[in-house]
Structure formats: structure tokens, C-alpha cells
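Participant: Working from the sequences, and respecting the hints, build out all of it.
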Amino acid sequence: MADIIKGLFGGAKSAVSSASSDVDDFADFATAASPAAPSHAASSVFTAATHTATQGATSLLGKLGTPLGTQGRPYTKWYRVWERVTIQDFYQELVIIPILIVVVLVNLYGSYLNKQRAKQWAATHLPLIESEFASVGFSGRKSSSSSAEDTSSAKALASSGMDVPDDVLRQKAKNEYLAYATGRQNVAFLHLQLSLYKRYNPISWIGETILGFLFDSMPSPVEKVEATIYPFDGKEKNMANPEGQTKDSTYDGFVWAIVHKDKMKQLRDDRYDISLTATRDHAKLPEWATIMSESAEVTEAMLTPELIKAVNEAGEDLEALIISDQGVDAPRKLNDTLPHKRIHLTTRLNPRPSSTLLFQYFLRLPDVLVSSAHFRPEAMRKIRATRDEEARKIRKVDEEEKAEERRAAGDRMKKEERERRLKGMSAEEQRKFLEREKAQEQKRGMKKRSVKG
Numbered sequence: 001m002a003d004i005i006k007g008l009f010g011g012a013k014s015a016v017s018s019a020s021s022d023v024d025d026f027a028d029f030a031t032a033a034s035p036a037a038p039s040h041a042a043s044s045v046f047t048a049a050t051h052t053a054t055q056g057a058t059s060l061l062g063k064l065g066t067p068l069g070t071q072g073r074p075y076t077k078w079y080r081v082w083e084r085v086t087i088q089d090f091y092q093e094l095v096i097i098p099i100l101i102v103v104v105l106v107n108l109y110g111s112y113l114n115k116q117r118a119k120q121w122a123a124t125h126l127p128l129i130e131s132e133f134a135s136v137g138f139s140g141r142k143s144s145s146s147s148a149e150d151t152s153s154a155k156a157l158a159s160s161g162m163d164v165p166d167d168v169l170r171q172k173a174k175n176e177y178l179a180y181a182t183g184r185q186n187v188a189f190l191h192l193q194l195s196l197y198k199r200y201n202p203i204s205w206i207g208e209t210i211l212g213f214l215f216d217s218m219p220s221p222v223e224k225v226e227a228t229i230y231p232f233d234g235k236e237k238n239m240a241n242p243e244g245q246t247k248d249s250t251y252d253g254f255v256w257a258i259v260h261k262d263k264m265k266q267l268r269d270d271r272y273d274i275s276l277t278a279t280r281d282h283a284k285l286p287e288w289a290t291i292m293s294e295s296a297e298v299t300e301a302m303l304t305p306e307l308i309k310a311v312n313e314a315g316e317d318l319e320a321l322i323i324s325d326q327g328v329d330a331p332r333k334l335n336d337t338l339p340h341k342r343i344h345l346t347t348r349l350n351p352r353p354s355s356t357l358l359f360q361y362f363l364r365l366p367d368v369l370v371s372s373a374h375f376r377p378e379a380m381r382k383i384r385a386t387r388d389e390e391a392r393k394i395r396k397v398d399e400e401e402k403a404e405e406r407r408a409a410g411d412r413m414k415k416e417e418r419e420r421r422l423k424g425m426s427a428e429e430q431r432k433f434l435e436r437e438k439a440q441e442q443k444r445g446m447k448k449r450s451v452k453g
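For reference, each letter of the sequence shown is one residue, going 1 to 453 in UniProt numbering.
The set of hints was computed from the structure by calculation and includes no laboratory data. Do not rely on the hints blindly, as some may be mistaken.
Unchecked claim - Derived DSS-like pairs (lysine-lysine); straight-line CA-CA distance at most 30 Å:
id: 1; residue 1: K172; residue 2: K198
id: 2; residue 1: K224; residue 2: K309
id: 3; residue 1: K333; residue 2: K382
id: 4; residue 1: K333; residue 2: K396
id: 5; residue 1: K263; residue 2: K309
id: 6; residue 1: K396; residue 2: K414
id: 7; residue 1: K448; residue 2: K402
id: 8; residue 1: K237; residue 2: K333
id: 9; residue 1: K415; residue 2: K443
id: 10; residue 1: K265; residue 2: K382
id: 11; residue 1: K261; residue 2: K198
id: 12; residue 1: K237; residue 2: K247
id: 13; residue 1: K119; residue 2: K309
id: 14; residue 1: K382; residue 2: K414
id: 15; residue 1: K414; residue 2: K438
id: 16; residue 1: K119; residue 2: K172
id: 17; residue 1: K415; residue 2: K402
id: 18; residue 1: K265; residue 2: K235
id: 19; residue 1: K224; residue 2: K284
id: 20; residue 1: K432; residue 2: K443
id: 21; residue 1: K284; residue 2: K261
id: 22; residue 1: K235; residue 2: K393
id: 23; residue 1: K263; residue 2: K198
id: 24; residue 1: K247; residue 2: K235
id: 25; residue 1: K247; residue 2: K284
id: 26; residue 1: K172; residue 2: K263
id: 27; residue 1: K333; residue 2: K265
id: 28; residue 1: K448; residue 2: K396
id: 29; residue 1: K224; residue 2: K174
id: 30; residue 1: K265; residue 2: K224
id: 31; residue 1: K119; residue 2: K198
id: 32; residue 1: K447; residue 2: K414
id: 33; residue 1: K309; residue 2: K261
id: 34; residue 1: K438; residue 2: K423
id: 35; residue 1: K393; residue 2: K265
id: 36; residue 1: K224; residue 2: K172
id: 37; residue 1: K438; residue 2: K415
id: 38; residue 1: K224; residue 2: K263
id: 39; residue 1: K402; residue 2: K333
id: 40; residue 1: K119; residue 2: K174
Bear in mind that the values here come from a model prediction, so they are computed numbers and not experimental data.
Facilitator: Quick look at the structure:
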């Protein structure tokens, strides 16, 4: 009976069968050859001396309970990286890493070239700015030159390639640099911006050049200097605290400019103030330059012999010299029509120009305006009429917007009153109320149709 139960539950046979199955599972490993080291890895085979030393170390550490167990260890190639890796596994890295190095070097070298060009321009023009302003730079550094006639020291600084401090010429981007100056009669402050080529990114530079060549709507990249003077215009007490300031710094507001003919259309499209002017050529100016003015009397007063000489010496580096009291963008509110007087100069960036007479005249132009930009009432009447017409248009649009807001507020109040009345009615009263509304709508529609007929 016991044998039958053992046979049913497979007591002895199961143990025998499991043992035989385990032997069968490891039969392949038992017959497999032991891995051997390749021919070039002879250093991995234990020599007799190494084997003797290993046995000695094992017997010594065996007493401490930490045997090495290195005798008879099978060789495996995963212990040696150079035996399982070839140069073919690094082809992608061999291409990417040199490209990254070239990109970084080009970026650094292009940034260095831009910084050097900006410093060369500053070394040439900074003495002129220091001779006109008491404070140059963003840290309020005092100017080294206090006299405008100190031209010999200015030329010495420019020729020596002076190291321009970082607080005088601040880097806004790798292709943009800023400068600031203040502390001058009739001038609140001077703002300068230098725009350079993207030498740190040749792909972008070439792409913008190609697009500018193919499409007129996209200007080609150009290195230029944009300088803007903000006059006091009689607001010294609000913007500064001058001691003993008695001279009036106000002058009449107008828009007047000397521009390069290649930039004339672009300026008229981009700037609202220039769109108010009329274009007139002048016999005393070179052929590539033209005048954009609101009045002929303004032109006669502003076009001085010194300015004509400066324009001729600057050559075609000059893009625009603009005197304006209006904004660059079209006004949207009445406050935008208030005069904001500025003097703007745009030239191509030339680190070492043949003449700096135009830039020097630009720095002294506020004095010319304060002394001579006072015109007859007849001449200013036309200029004011243009501004009054623009203010009238803005006022009309503003009144229409306010009327629309009032109508929307009235409709909203009527709707709220209607909903309030409906909530207090019964179902029958609501039905009668809606029927009356419908009848009134029909009557109004019939009246409209009869009027049209």
C-alpha cells in the first residue's frame, strides 16, 4: 500500500528525475572548452612564479579568512576594454568633437574681433565725447578732458590705441555695444549704440546677407553707429539740479533731416516723424544726400556752412542726421503727440575715419538749436497744423471708442434689468412679456423696411 502511495505521488522517482534533469542542463557547460586568452594577451596567463606567489598570498590571507582565489580563474575579455573596442566605434565622436571645437573657436574669435573694432571706434571718438561731457560711462566716471580745444591730447589717445574701460563701453550682445554720457549744457544725456556684424556666427551672417540681397523687405546686415542726444528743452529743473542756470534752453519743435538717398524710403516707412516731411535736394549737398524738412525756412537755418563741410568730409558713411520733436512710432493717444525732442545720428561704423568733424558737429548741435532754431510764427503755423490734424484724428477715434463703450454699458444695463424683471414674474407673466417684446421687434422691423422703401 505504501509503494502504491509513493508511486502515485512520485516520491522517489521525482528526486531521481530532477537530479538527472539537472545533469542534462549542465551537460553543455561540462563539455565546453575553457576560454583561452588570445595570442596578444599573454600577460594574463599565470606564470609559475606568479602561481607560487599567489599561493603564498592565499595561504597568508587564508589565516585571516580572506583568500584571494585567483588560482584557476578563467580568462574573460570583458576585463580588458581595449580588447573589445576598436576605432570604428568612435567614428561619430571623431566627427562631432572637431566640429564643436571649430564652432567654439570661431565664436570666441568673432567675439574678440567685434570687441576690438568697438574699442578702436571708442578710442577715436571717446576723446571728443569727453571734451563735451562732464561724465562719460555708466558708472558716472568723470571725463579726463575738460576743454573742447584739447584736440592734441585727444589725437594722442586715439593714436595710442587706449584701453577703453568696460564701464564706458558696455557689451549688450556679442555684436552690440552701448555708451552713455551726461553733464553738458542744453543736453540731458547722450546714448550710443554700436551694431557690428555677427562674426561669432558666420552661418547667420551669411544667411542674412543672402536674404537681404534677394528681398528688399529684409535689410542686409551693416555695421553702424546710432547716437541720440536728448536735449533739456527748458526742463533742467525737472531732470537735473543746475546751479545758477539762467539761460533758456528751449527751441521750436520741428522735423528736419539730412539722409542718404539709399535710406530715404526705408526711413519714411519705418519712422512716423520722417513721414511728415517733404524731400528736397540742395545744391550745396553732394548728390547722394537729400534734405527732408517740414519747412524751407527751417532748412535755411539748419543747413550751416559747418554742417555742409562736415557732411562732405564724412562721405557716404552718413546714413541720417535727424532733428525731431515727434515719435518714431505713429501716435495712438493724445499724450503721444506731445513733443519729445531728440537729435539722432546714424553712420556706418568706421573705427578710424578720415574725419570726425560730423560727429563733433553732432555733439555741439544742441547749442546751434538753442541759439538759432526760433522761427517766425508764419513758418511754425504750418508745422503746428500738421500736429493739430494728427491730434484731431486721434481725438475723433478716442471719442468713437468712448461712445462705443457707453453703448455697450447701456446695453449691458438693459439686459441686466430685463433679467431681473423676468425673475420676479410668474410663468404666465413671462409669456406675455416675451410676446410684447416680439411684437415690438416686429414693429421696429416694419418701420425700418418702410423707411428704406
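Participant: Take a quick look at whether K224 and K174 sit within 30 Å of each other, Cα to Cα.
Facilitator: 15 Å, holds
Participant: Hey, K396 versus K414, does the alpha-carbon distance stay inside 30 Å?
Facilitator: 27 Å, holds
Participant: Please verify whether K333 and K382 have alpha carbons no more than 30 Å apart.
Facilitator: 22 Å, holds
Participant: Verify the proposed pairing of K265 with K235, using a straight-line Cα cut of 30 Å.
Facilitator: Roughly 34 Å between the alpha carbons, so the hint for K265 and K235 is violated.
Participant: Within 30 Å, alpha carbon to alpha carbon, are K265 and K382?
Facilitator: 24 Å, holds
Participant: Is the Cα-Cα distance between K414 and K438 30 Å or less?
Facilitator: 16 Å, holds
Participant: When you check the alpha-carbon spacing of K309 and K261, does it fall within 30 Å?
Facilitator: 18 Å, holds
Participant: With a cut-off of 30 Å on the C-alpha distance, tell me whether K438 and K415 pass.
Facilitator: With Cα atoms ~15 Å apart, K438 and K415 stay inside 30 Å; holds.
Participant: Has the given pair, K237 with K247, been kept, meaning a C-alpha gap of at most 30 Å?
Facilitator: 12 Å, holds
Participant: Is it true that the CA of K119 sits at most 30 Å from the CA of K198?
Facilitator: Given that 30 Å is the threshold and the Cα spacing comes to 16 Å, the pair holds.
Participant: Next pair to validate is K333 with K396; report whether the Cα-Cα distance is within 30 Å.
Facilitator: OK: K333 and K396 at ~11 Å, within 30 Å.
Participant: Need the status of pair K448, K402: alpha-carbon distance at most 30 Å?
Facilitator: 27 Å, holds
Of the numbered hints given earlier, the model fails hints 14, 18 and 25; all others are met.
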